[in-house]
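S.K.: The lines below spell out each chain.
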Amino acid sequence: MTATCETTRSLLPEWVRRELEASEAGLIDAHLATCDDCSAESQLVQVLFAGRAVPPSGLAHSVREHIASRTRRGRQQRPWWGLAAAAVAAVALGIGVVAQADPTAVVPIYATESGSADAWMSDDGEIAGAPALDDLSEDELAALLDELTPAVSGGSA
Amino acid sequence: MTSRGADDESPDAELVARVRAGDDRAFGVLVDRHHAGVYRLALSMVSDVGTAQDVTQDAFLKAYSAIATFRGDAAFRSWLFTIAANEARGQLRRQGRRKESSIDSVQPVASEAASPEEEAIRSQESARARTALQLLPEKQRLSVSLRIDEGLSFREIGEVIGSSEGAARVNYFHGIRRLRELMS
Ligand SMILES: [Zn+2]
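From first to last, the protein sequence lines stand for chains Z and X.
Using my numbering, read the first sequence as starting at 187 and increasing by one per residue.
Using my numbering, read the second sequence as starting at 71 and increasing by one per residue.
The following block holds chain Z by itself, in its conformation from the complex (with noise of 0.2 Å):
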């Protein structure tokens, strides 16, 4: 028993990765073995994966030195969240505050832009790698994948 090219071709990245369970992983194997399409398509996972960026060491703490830093001066005045929960709290106690703009302290920049799909389109609405992609249904997609894989289910030696 092997898996589909389909189903190959759809997990050589958990493949290369590692990530599969044994008898998943083993099924995929035997499908490599007798398959030539799907073997040159590992391949190609394989080596991309082998080549991927390693990030520089010590980006990590940089990270966090760039953000203690950018934020460490709006902590001492009070964080914008601080300011938020004071709020809230003023007018739980029916106090009015008047919340006073604070130029240095770290505000949420894209905070309704970065949580939204929306935000990637908006800024020139057209991307390169065939955007019209974005207008096709779901059937249209469908057959636009059926060309670019494999349509024989199975093992094809």
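Be a bit skeptical, because a hint or two may be false.
Partner residues aside, some chain Z positions facing chain X, computed with beta carbon under 8 Å [as the list claims (entries may be wrong)]: (1) A236; (2) P241; (3) S248.
By construction, these hints were calculated from the structure, which means they are not laboratory data.
Glycine included, C-beta positions come from ideal geometry on N, C-alpha and C.
Using the hints, position chain X with the ligand against chain Z.
M.R.: Just chain X with the ligand now, with coordinates in the frame of chain Z:
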């Protein structure tokens, strides 16, 4: 900001909840866990090591600052990667246009099992494949790199690149086919 270290295996959602409760060290763990992926995403968009580092720093700063707005209906990683992609696009806009792909950005991972000769051949192949990847249109390139390098699902990739799950899938397989043509 300090890190509690790689030994903290709490799920992202739990770490996010701790950050929101004021535990900055939990964000340090998220930095440790995701900085490599954010960096690779940035690098595949800006093609410059120094700029990719800047994008990584700013993406995490924005995620930290905006964590109160994270709704939790997407995975933290997709949300973070979306911020990073926006940040990289901002950098590209400021630079005017995308730089040509740089072979310098390719740093193949060494494998201990292979002989030096095998390793050299594999490194060359990897460098060729990564350079070819940089030639693909952006959505194909990101679909391939996020799927293979980071193991994102097509749904997550769609969230990051602003496409449907189906479009992300087509972009991935289209990219793989084009790479096979370029590498043959
Ligand atoms: Zn096959």
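S.K.: Look at each hint and say if it fits the structure.
M.R.: Hint check results:
Hint status for A236 (chain Z): holds, given a least beta-carbon distance of 5 Å to chain X, under 8 Å. A cut of 8 Å between beta carbons decides the hint on P241 (chain Z): the least distance to chain X is about 4 Å, and the hint holds. Restraint check, S248 (chain Z) versus chain X: the minimum CB separation of about 7 Å is within 8 Å; hint holds.
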